[in-house]
Amino acid sequence: MYSKKNKLFKVATISLLITLVSSLILSTNVKADGNSLPAFDKSKAGGTLKLVAQSAAGTLDPKINYTAQYWQLYVATYDGLLAFKYASGPEAFKVVPDLATAMPVISNGGKTLTFTLRSGIKFSNGQPVTVNDVKASFERVFKVSGPTAGTFFNGIIGADVCLKTPATCKLDKGIVVNPSTNQVVLNLVSPDDAILYKLSTPHAAINPAATPGKDQGTTPIPTTGPYMYKSYDTNKSLILVRNPYFKEWSHDANPQGYPDQIEYDFGVTPTAAVTAVENNQVNFMFDQIPADRLPEIGTKYANQAHISQLTAMWYLPLNVNIAPFNNPKARQAINYAVDRNALIKIYGGANLATPVCSILPPNFPGHVDFCGYTKGATPQKPATSWTAPDLDLAKKLVKESGTQGQPVAVVVADDDVNKQMGVYLQSVLNAIGYKATVEAISGNIQFTYIQNTKNKVQISVTQWFQDYPAAVDFLYVLFGCASFIPNSDSSINMAGYCNKPLDDRMKAAITLGAVNPTAANAQWGQIDKDMMADAPTVPLFTPKQLDFISSGTKNYVFSPQNKMLFSQAQLK
Amino acid sequence: MIGLKKHTQVAFSQSPGRVSWEILNKDKRTRISFAILLLIIALAILAPIYSSFIAHTNPFVSSLDASFNMNGKTVQVLQPSTQGLGLGVTPIGPTWKFNHYFLGADSQGRDIVARILYGGRNTLFIGFVSSLLTMFFAILIGVIAGYYRGFIDNFLSRILDLIWAFPVYLLAISLSVVLLTSGLNFGFIHFGAGSLALPIFIIGMVYIPYVARPLRAQVLSIRERDFVKAAIGYGAGNSNIIFTEILPNVLPSALVFFPIMVALNMLTESALSFLSIGVQPPSASWGTIINDGLALLYTRPLVAILPGLMIVITAAALNLYGDAVRDALDPKLNTRIIK
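From first to last, the protein sequence lines are chains A and B. To get my numbering, take the position in the first sequence, counting from 1, and add 764. To get my numbering, take the position in the second sequence, counting from 1, and add 1498.
Be aware that a few hints might be false.
Which chain B residues stay away from chain A? Per the calculated CB distances, all over 10 Å, these [to be verified]:
| no. | residue |
| --- | --- |
| 1 | Ile1530 |
| 2 | Leu1537 |
| 3 | Val1573 |
| 4 | Pro1592 |
| 5 | Phe1626 |
| 6 | Gly1735 |
Here are some, though not all, of the chain A residues that point toward chain B, as calculated from beta-carbon distances under 10 Å [said to hold, decoys possible]:
| no. | residue |
| --- | --- |
| 7 | Thr1063 |
| 8 | Ala1069 |
| 9 | Ile1108 |
| 10 | Lys1109 |
| 11 | Asp1178 |
| 12 | Asp1180 |
| 13 | Lys1183 |
| 14 | Gln1190 |
| 15 | Ala1195 |
| 16 | Thr1201 |
These aren't lab readings, by the way, just hints derived from the structure by calculation. The structure displayed is predicted, hence computed values, not measured ones. Using N, Cα and C, we set each Cβ at its ideal position, and we do this for glycine too.
Bound-form chain B, shown alone (with noise of 0.2 Å):
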């Protein structure tokens, strides 16, 4: 019967994964938002390129007594106030030359675009591998707990209830702090304490609960369905039904997460950056940057603004990319309907 069901949906209409991929690639907020997290992209996995080929700089050593040439001038790179009472030392600014600092060095004198670009692959890296983690977890426990339910789900469910108990950034300050000391040994797996399995560990692990608790939700509501039923009549193993009946109906929502979190966790990761517990110098994410930045908001602001901006327009991407996904996914919408 249950061949007979897809097959009847095969001979009537498109598949539903048919439907979704087409009305995700007609509407316009994913174009533009995959464009645009596609540029970045790009341009993170490009920053090797720049710093050594075009800036010609090592965007992780301190340069605090650098200088270059640029129209015949020598121009150093942390540059001392002679006004007044000629104190402090400023960061050279935007020269608008991609060879020289094009939007200017930070207080180590470091080339800021070249530091952008890598903290980028760090923050989008943190935040997709996290986010993987996360899902992947989320799953197992949602499917798990949801489907045998009793005992097993009381227990999974109460230790998610006290992990979401927790504020999520209380959570992960008070988990980055402990490892971020001392590493983390646990059996056969071994982080080092400036690793930056450690942000991804903690990130991942902390937003499981906001991902494994509807997906147990729905997973109990999957499993009174009529063909879980059926499944269970004919004999189906319970790994059987959970992986020919239950998952495949989770997915979609799954999916429809995935790119929030990738937002959730880059925001979360760039908040224990710039708190200093996330990834850890010389390495840069885009939080790192503004922490470093902070130090010149008066002088440079730039180096903490464009950070920032990055973050804000991966971010609005990521959900808007999300809520496209959503809306192709979610059969109760009208927008489902192809025209």
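Next comes chain A alone, as it looks inside the complex (with noise of 0.2 Å):
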């Protein structure tokens, strides 16, 4: 009995201790500057907010798709448990309750979290949001081999059998629900640092239990946030309208919008897209602007461009599995190479971006200045920051390497921005000795051509926005084994990239990270500098958002979790 008690008193304390440091966690990382919203003004409501891409980004299934594009939607559709506040600076960094009726009770050593689900709340279709369907959602992320499902629900109990038998997914000691309490525990096997960012992305969104285990692609999902998704076409449009069953339960949370409907043209390129918003004939552009735009922006229509700093990187992912970028030289080659600079000046210059070399951006947490693949340093005599490149060295490596004259193929989107930087790299490519080619394909279907194995892609061009500012986020996710799904479109690993010590040390990272942030940290900063010793990826540049509104669109709200909020823009 004493030991059962002294365990029970113990499990309490350190449980105590988690729910502290998890505050901590959060308050350190978000200093509340006062930037929560206003109170919604019923007289600013209505319009059509419209929104213009040159192409759509995939399916709409908010357990599957993995784009900034359209997870800037999901914040005014779906909701989870808890959310990141609907704010404009550091404090929307912040974890809110959104279905759940208050942050959760954390016990059992960070290993059980319990939260309530709000009652009377219903999703668009007109049914009421039970326990049930927060059960089924989360099975569900692994019914459909979600991107994530491996990186950040694997530490759920019982995630490891629905990773390898997804089909028939049961989460029934990972998450325990209580129907007439309306009681949610989630239950993990170690206590997770980040779990509380995770519960608020939109992978973690709660859908009907009733949606079938597989990407719903095109057909809505039924919605709990102030819009709902009416009809979805790729090659056309997204049309938004009001969820008719919404009441706003959270002001932090997911707050009632101003448009009465959002409609997202597809098939417009962003020189027609930079003009339509200056002819006030839309509202906002997605797609990066043209550099040739540019100029005319940043002085005639200065006041309608909206510069905001980004926890985000542009980033090259070198196939670890296949020639030539199996040899690590040849890696390390590329990441000499490459003149960042250079591409920056192709995404609109050196006020929209920095160079960096590490994965994890600069002001993140366990960033390290540190860069070993630039003129005068080596991975292991690194400098503080990218200067030039170094094509001699990159040369020699590429002739040690035995891979020059390999073919090698740069897979990049179809819009200009990408296009230029692929024409870039094919050229430095061809100049440190192998034969380079460019492969344009759309961008609605590109970032996940690049993840599929069966593709045989050998680098590419893409861009990683953190999904929560933490530094699992980055290098987990992005280079962790359990990211790495052949033959799947959901493989977020794109180099194939799996050194178990480096994941064994990740993982350690990330149960420390539940006890002492800033040894996690300090942790993180070392794997950054020891991965980019194995170069799985060229890291390019920081970029800076450059959101371009027309002028008859007022409330512009930046939140740098969740980028430009539509919902709060008005039109009146």
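Assembling the complex is the task here: the two chains are given apart, and the hints tell you how they should meet.
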């Protein structure tokens, strides 16, 4: 009895500590600066918010889609138990209760999270949201083999079995629900310092339990937020209308929206989109603004341009499983050869991006200033920042690797900026001894195409925007063994990199982060350095977000977590 | 009797070929179009001399960080904006100095003049070679189908109908999309993914029915003419009749088609390259340069306009030349009478 009581005491003490530490993590990462949104003003509601993009972003299924383009919409349509706060500035990184009545009670040494589901909330099809929907939603993450099943949610008890046999996934021990009390208990295998963040992402959105366990593609899944999807045609448009069953339950989590309708039109080239925004024909353009339109935006339309710092990176995943980048020297060579400043010029100039060499972006938890692939530096004796490429060393490494003369195809999206980057990279690869070609494919499919090992992509140009402000989201999600799923469109580890010792260190850092975030971040910084010594990728630059909106669009709110908050745009 | 006929013609008048040549020579359209074509071809041939010895630039290598000295000042090829929010980078415009980006640079910092000259080589080469391919297969199919008639004619004609049933550009685009990623492996024929041979093959193939069908109709008509029946009556073999009686009467029509096909194939190549499914980077053609220029329409419109102008001028010259050839070879036209 004694020992049992003693154990219970220990567990209770640790739980209390974990709760305090979790609160501390959130409060240290998120300094409330009073950038919460003002109360909803009904007099300013109405109108159609018109958005344009060159292409759609693939499936509408929130459990599968992993694009910044649609995550920006999901925050106005879907809800999880928790959410990132609807706010601007650092306040936007704060996690707040959404479908849960309050932040979870954390117990069992950080391994158990207890939520209470709000009652009275309905999906856009009129069905009430129940605890069974919550359980089914988490099981569906595995059933559809979602891209984050192996990284965000693999810590849930039973997830290991679900990852092996997705079709029959059951999380009876991992998610315990009680319909009579509306209680949801989430049981983890081990503490996870980022679990609250993960539960705030669209992949943790609650969908009806009846949603089939396969990709819903263009078929909209009922929503809980202020908007629902009316129609979706990947070649034409995506229409969102007000959710008739939505009533604001948390202004912080998902406030009432201002536009009556949101219309996302596809097939509009970035150049045409700029003109349309200038002429007030559309409110917002998603794509990268073409370089030759930037000067006029920076001068004539400066008051409609909003530049914001992002925690993101443009990078080149190098497929470490096929030639030539299965050779570490070949990977190091391309790291030395790429002129980051040249790519920044294509992107729009020094005011819109900063060159990087590390995977963790500057000012991000765990980031350390280092660059092993710049002139005069090595991974063992790194410089503090990138200064210039070293083509001679790159050529030497290619020769040493024995990969000289091999064909390399650079796969890029077909918009102007990406294509130009592809042509530049082709030139660099040719210069260091390869026979390079550029394959520009539709932005609608490029992101999933480069993930699937069947397509044998050697090198591609892509971007990564943080899902949540923690190092694990860059290092473990993008380069962890669990993120590499051969023959799948949801294999976010595009490099196919799986370094077991590093993977174990990342897992240890995740666990450590739950009790000692500072020590964990120090470990993440070292993991970043060690991983870059192996060079599974070429980090290029940290971009800034340039949103160009029409003169008729009022109340622009930028969340560093969710970017422009469409639902808060006012058209009156 | 055949020999007598030829002999009589020579004795009493100039040969038809001689007449046609003289008409062609005296036609102003021929002289103008030929001079233009010659100039364009010469410029295209001289592209390496311009880029190596005059502009000192490699038009196939990105030079995003390049700079040069002009009037004692260091000038960057890609110039960052310094006004307003300081957004964007603009390639240098025309300097009007041959040794320094005479007409400016493109988004990759490459000399536009050098790109246009090299692009002309590819556009003209693809247009010319693919036209030869078209003409060869069109004459082959047209003559065999028209001469042998019956099952062979039906079979070949239906294949031509089938190809012609597809919109030409749609067919070319479909073939390009498939072949440009994987290359072409057909027996001993192998073309790599970025090879110039691919657009030549694709463009050459899609226009075969356009030429083969009228040639077949002409062969059908010629086959019924007395001199062919006479040759058959004398026991001449099929190949002998085809090469000595049919082909010489079909070739003038083929010659009329040829410059028109070069213009048409050149335009198709430019269209495919504009859609990024023709000539592949870093190689250039006028179509790819227009595509590159699209991204600079607002700041450096010359990048797109100049290759467009080159295409217009070359296509117009070829069509003008084609008209003159047709007039010279058409026995029914009054203009054939030499004054």
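Could you check if A/Asp1178 really has its C-beta closer than 10 Å to a C-beta on chain B? 8 Å, holds
With a cut-off of 10 Å on the beta carbons, see whether A/Ala1195 makes it to chain B. 7 Å, holds
Per-residue hint verdict: A/Ile1108, partner chain B, C-beta under 10 Å: 9 Å, holds
Min Cβ distance, A/Asp1180 to chain B: is it shorter than 10 Å? With a closest approach of 4 Å, the A/Asp1180 hint holds.
Can you verify the interface hint for A/Thr1063: is its Cβ closer than 10 Å to any Cβ in chain B? Status holds, d = 4 Å.
Please check whether the beta-carbon of B/Leu1537 is more than 10 Å away from every beta-carbon in chain A. With a cut-off of 10 Å, B/Leu1537 remains clear of chain A, as the shortest Cβ separation is near 30 Å.
Have a go at the A/Lys1183 hint: is there a Cβ in chain B nearer than 10 Å to its own Cβ? The hint holds - A/Lys1183 has a Cβ within 10 Å of chain B, the shortest such distance being about 8 Å.
Taking 10 Å as the limit, does the beta-carbon of A/Ala1069 come near enough to a beta-carbon in chain B? This hint holds: A/Ala1069 lies near chain B, its Cβ roughly 6 Å from the closest one there, short of 10 Å.
B/Gly1735 remote from chain A - nearest C-beta pair above 10 Å: About 50 Å separates B/Gly1735 from the closest Cβ of chain A, which puts it past 10 Å; holds.
Compute the least Cβ-Cβ separation between B/Phe1626 and chain A, then decide whether it is above 10 Å. Non-interface label on B/Phe1626 holds, nearest chain A Cβ at 25 Å vs cutoff 10 Å.
Given as non-interface: B/Val1573, which should sit over 10 Å from chain A by C-beta: 15 Å, holds
A/Lys1109 as chain B interface residue, shortest Cβ-Cβ below 10 Å: 5 Å, holds
In terms of the numbered hints stated before, the structure departs from none.
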